[in-house]
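Given chain A, work out where chain B should sit, using these hints.
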Amino acid sequence: MNNVIRVNCSKKNLKPIRDFVTEYLEPLKLSDIMMNQIVLAVDEICANLIIHANQEDPSKYISLAIHKQPSVLKFEITDNGVAFQKSNYKEPNIEEHVKVGKKGGVGIALVNRIMDKVEFSTNGSKNICLLYKKIK
Amino acid sequence: MSMKITHEIKESTIIITLDGELDASSSVILDEELSDPEIMKYSKILVDCKNLHYISSAGLGVFISHLQRFEDAQIKLIFFNMQDKVRNVFEILGLDLLMTIVSNYEEALTIADE
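If you read the sequences in order, they're chains A and B. Sequential numbering of the first sequence, starting at 1, is according to my numbering. Sequential numbering of the second sequence, starting at 1, is according to my numbering.
In isolation and in its complexed conformation, chain A is listed as follows (with noise of 0.2 Å):
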């Protein structure tokens, strides 16, 4: 079974991707629950690559592979963009977004909160991203 997505810095792969994720967990049989954290978490990364660090530019791609090992799943992004700073990352405090109406930033909580880890590295001009979650 193909493993490998690979799409231009347009919104509109956001749904292509999650399609792709969902039919290669399908046979896995997860839960609702759980498929759709796994889903959400890749699409999460895969929206901040396409908005934040590749602006939305159609001339730029980005690609996800995914690596099943007998208990644990491993999702690796890529692209060519402006790397995530993991320094600079702060914890939202939600019931501030709500006080101060602000709309972003709670992304990368999601993921953190759902993969069991999250990397981030670096490699010339290329950004990796890598999500485990162990499945049993």
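Simulated from the structure, these hints should not be mistaken for laboratory data. Where is the CB? At the ideal position from N, CA and C, for every residue including glycine. Treat the hints with caution; some may be incorrect.
Listed below are the simulated DSBU-like cross-link pairs for lysine-lysine, each with C-alpha atoms no more than 35 Å apart in a straight line [claimed, not checked]:
#1 Lys134(A) x Lys85(B)
#2 Lys76(B) x Lys12(A)
#3 Lys50(B) x Lys12(A)
#4 Lys76(B) x Lys99(A)
#5 Lys90(A) x Lys85(B)
#6 Lys85(B) x Lys133(A)
#7 Lys117(A) x Lys136(A)
#8 Lys134(A) x Lys103(A)
#9 Lys10(B) x Lys90(A)
#10 Lys41(B) x Lys99(A)
#11 Lys85(B) x Lys4(B)
#12 Lys136(A) x Lys126(A)
#13 Lys134(A) x Lys41(B)
Where chain B lies over chain A, by a calculated footprint (3+ residues, C-beta under 8 Å) [stated by the list, open to error]:
#14 9-19
#15 33-39
#16 93-103
#17 107-118
Chain B in isolation, oriented as in the chain A frame:
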């Protein structure tokens, strides 16, 4: 478009029905719907989530960004018929404690009239 939004008006209540998926691409139309000044005329906004199959942080962000404005105007925002997997996303961030999510339409009406 992966999201269709319809609404029905019953006196001081507006029932918004979400059909599809709310992601970074489609949540823009929800934001437009909730930003419409007309919506401030109603005292109750009931959101039917029966056919909301997916929500990402962008969709949550739209509700987060309007919540205080509605509260300040004493407009009740109530979600009902939410699928478990969608409710779970609200719960991961603790939004179920800040927003009113009930099981069904009847319960939404009861809470709205309190």
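Now the hints, each set against the structure:
{"no.": "1", "hint": "Lys134(A) x Lys85(B)", "in the structure": "holds (19 Å)"}
{"no.": "2", "hint": "Lys76(B) x Lys12(A)", "in the structure": "holds (33 Å)"}
{"no.": "3", "hint": "Lys50(B) x Lys12(A)", "in the structure": "holds (24 Å)"}
{"no.": "4", "hint": "Lys76(B) x Lys99(A)", "in the structure": "holds (16 Å)"}
{"no.": "5", "hint": "Lys90(A) x Lys85(B)", "in the structure": "holds (26 Å)"}
{"no.": "6", "hint": "Lys85(B) x Lys133(A)", "in the structure": "holds (17 Å)"}
{"no.": "7", "hint": "Lys117(A) x Lys136(A)", "in the structure": "holds (15 Å)"}
{"no.": "8", "hint": "Lys134(A) x Lys103(A)", "in the structure": "holds (31 Å)"}
{"no.": "9", "hint": "Lys10(B) x Lys90(A)", "in the structure": "violated (43 Å)"}
{"no.": "10", "hint": "Lys41(B) x Lys99(A)", "in the structure": "holds (22 Å)"}
{"no.": "11", "hint": "Lys85(B) x Lys4(B)", "in the structure": "holds (19 Å)"}
{"no.": "12", "hint": "Lys136(A) x Lys126(A)", "in the structure": "holds (32 Å)"}
{"no.": "13", "hint": "Lys134(A) x Lys41(B)", "in the structure": "violated (48 Å)"}
{"no.": "14", "hint": "9-19", "in the structure": "holds (count 5)"}
{"no.": "15", "hint": "33-39", "in the structure": "holds (count 5)"}
{"no.": "16", "hint": "93-103", "in the structure": "holds (count 9)"}
{"no.": "17", "hint": "107-118", "in the structure": "holds (count 5)"}
In summary, the numbered hints that this structure violates are 9, 13.
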